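Sequences and hints are given; from them, build the entire structure.
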Amino acid sequence: MSAVIEPILGRYLRCEIEGRPHRIYFEEAGAGIPLVCLHTAGSDARQWRHLLVDEQITQQFRVIAFDLPFHGKSNPPEDWEGDEYRLTTKTYTATIRAVCAALGLDRPVVMGCSIGGRIVLNLAIDHAAEFSALIGLEAADFQQPWYDTTWLNRPDVHGGEACAALVSGLMSPDVPPARRQETLWHYKQSGPGVFKGDLYFYRVDGALHQKTPTGG
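Mind the numbering: the sequence shown is residues 1 to 216 in this note's numbering, read in order.
It should be emphasised that the hints constitute simulated quantities derived from the structure, not laboratory data. None of these values were measured; they are calculated from a predicted model. Possibly wrong hints are sitting among the right ones.
Calculated lysine-lysine pairs in the BS3-like style (CA-CA distance at most 30 Å, straight line) [unchecked claim]:
id	residue 1	residue 2
1	Lys73	Lys188
2	Lys90	Lys73
3	Lys188	Lys90
Structural data, given as structure tokens:
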């Protein structure tokens, strides 16, 4: 196999989110219509690496994938003092809008999976005019809880491995072994309490089954 340098550029973006300074890591490739990709709960933007090297996509789109704060290479806010991480609709929405504004994106396409798919629905309800398209993958307006998350941030439980174990049961049996292990490895590296905090948004704060559209 000959050596290959992939055409993905990684950078750090310093910006304010809800008045708090953040350092956000993002990767991009391609040119054209900006396409912002949102990762799943407890993981990071590495999930989009195959899309970032897909020439059919990058010939038409500037693909941008960023790590949410507390995920991957994005730090917690600079003034964070160790309080429990808990993702809310308000903060998630503010993060996406802040990153898009800081990068100077004009009505980008936003595509998200799982919690990323859920927030896309929120964006469609409250901020649709800011985006040229919104794509939800594995999106749902509500998920009935089917396991207890209270034990996901305990000193006697490896949160990353527990996260990966739960996700492994959601993967198709036909997934190539290398892709399965790659995906689960991402989840195993989740920070303490991050998966649990993301699921607070997905299960509680971000539930849409009783929400009335407000426009935008």
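Evaluation of the provided hints:
Among the hinted pairs, Lys73 with Lys188 is consistent with the structure: their alpha-carbon atoms are about 14 Å apart, no more than 30 Å. For the given pair, Lys90 sits about 22 Å from Lys73 by alpha-carbon distance, which is consistent with the 30 Å threshold. Proximity of Lys188 to Lys90 is assessed by CA-CA distance (about 27 Å); at most 30 Å being required, the pair is judged to hold.
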